[in-house]
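J.: Residue-level listing of the chains:
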Amino acid sequence: GQNIDQPTEMTATEGAIVQINCTYQTSGFNGLFWYQQHAGEAPTFLSYNVLDGLEEKGRFSSFLSRSKGYSYLLLKELQMKDSASYLCAVDKIYNQGGKLIFGQGTELSVKP
Amino acid sequence: EPEVTQTPSHQVTQMGQEVILRCVPISNHLYFYWYRQILGQKVEFLVSFYNNEISEKSEIFDDQFSVERPDGSNFTLKIRSTKLEDSAMYFCASSEMPRGGEAYEQYFGPGTRLTVT
Chain X
1 GQNIDQPTEM TATEGAIVQI NCTYQTSGFN GLFWYQQHAG EAPTFLSYNV LDGLEEKGRF
61 SSFLSRSKGY SYLLLKELQM KDSASYLCAV DKIYNQGGKL IFGQGTELSV KP
Chain H
1001 EPEVTQTPSH QVTQMGQEVI LRCVPISNHL YFYWYRQILG QKVEFLVSFY NNEISEKSEI
1061 FDDQFSVERP DGSNFTLKIR STKLEDSAMY FCASSEMPRG GEAYEQYFGP GTRLTVT
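Here the protein sequences come in this chain order: X and H.
All residue numbers for the first sequence refer to the numbering used here, where the first residue is 1 and numbers rise by one.
All residue numbers for the second sequence refer to the numbering used here, where the first residue is 1001 and numbers rise by one.
Result set (BS3-like, lysine-lysine): computed pairs, CA atoms no more than 25 Å apart in a straight line:
#: 1; chain 1: X; residue 1: Lys68; chain 2: H; residue 2: Lys1042
#: 2; chain 1: X; residue 1: Lys81; chain 2: H; residue 2: Lys1042
#: 3; chain 1: X; residue 1: Lys92; chain 2: H; residue 2: Lys1042
The hints are simulated quantities; they were obtained by calculation from the structure and are not laboratory data.
As the structure is a prediction and not an experimental result, all values here were calculated from the model.
Could you put together the complete structure from these sequences and hints?
T.: What follows is the structure in structure tokens.
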């Protein structure tokens, strides 16, 4: 089976840094993805990790520890527009292509 | 920048009717997917499609559902005999072929909101 856990909601202040954690238990693992989803819109890709360590992309960074089944997304210099749901998704190994198994999402509210 | 497109943006249908949701994946992508998201719930994988056949499908994707690539650009999801619980946002996604152990991002379309009454 598979289980992906992330906090339901978080609040942070504009200009601050926030870390959104994700833990997973799954059979088959080909990488961990982070997506951003604004209400009523499609998920948009932020970052992914295949190997352990930190990946940095501008204001967003993502970390993975495969042995611990743990990842986090770090958002720096928060802006009001960063208020959205952040989805952790595991990419499962199978023959051709991949399938993303999503967590419930973390609703982030950025306050002035 | 290339993007995945979906039509219609909103579809209202009566229970028991058939619907076809349409998607145009990014042109050089080879893998296509359908996901759904019931209001307030998580995004759920339905099916993946490669080389003109289904690669994998979830338990949700039963005989009521089918997918097709009728031509070189469109990718469709057909839902036969819709039920109230099929009401959801349906997202199409596409991705390139993975290279040498790399993962690859899936690009999502804007979604079709299906309402079954």
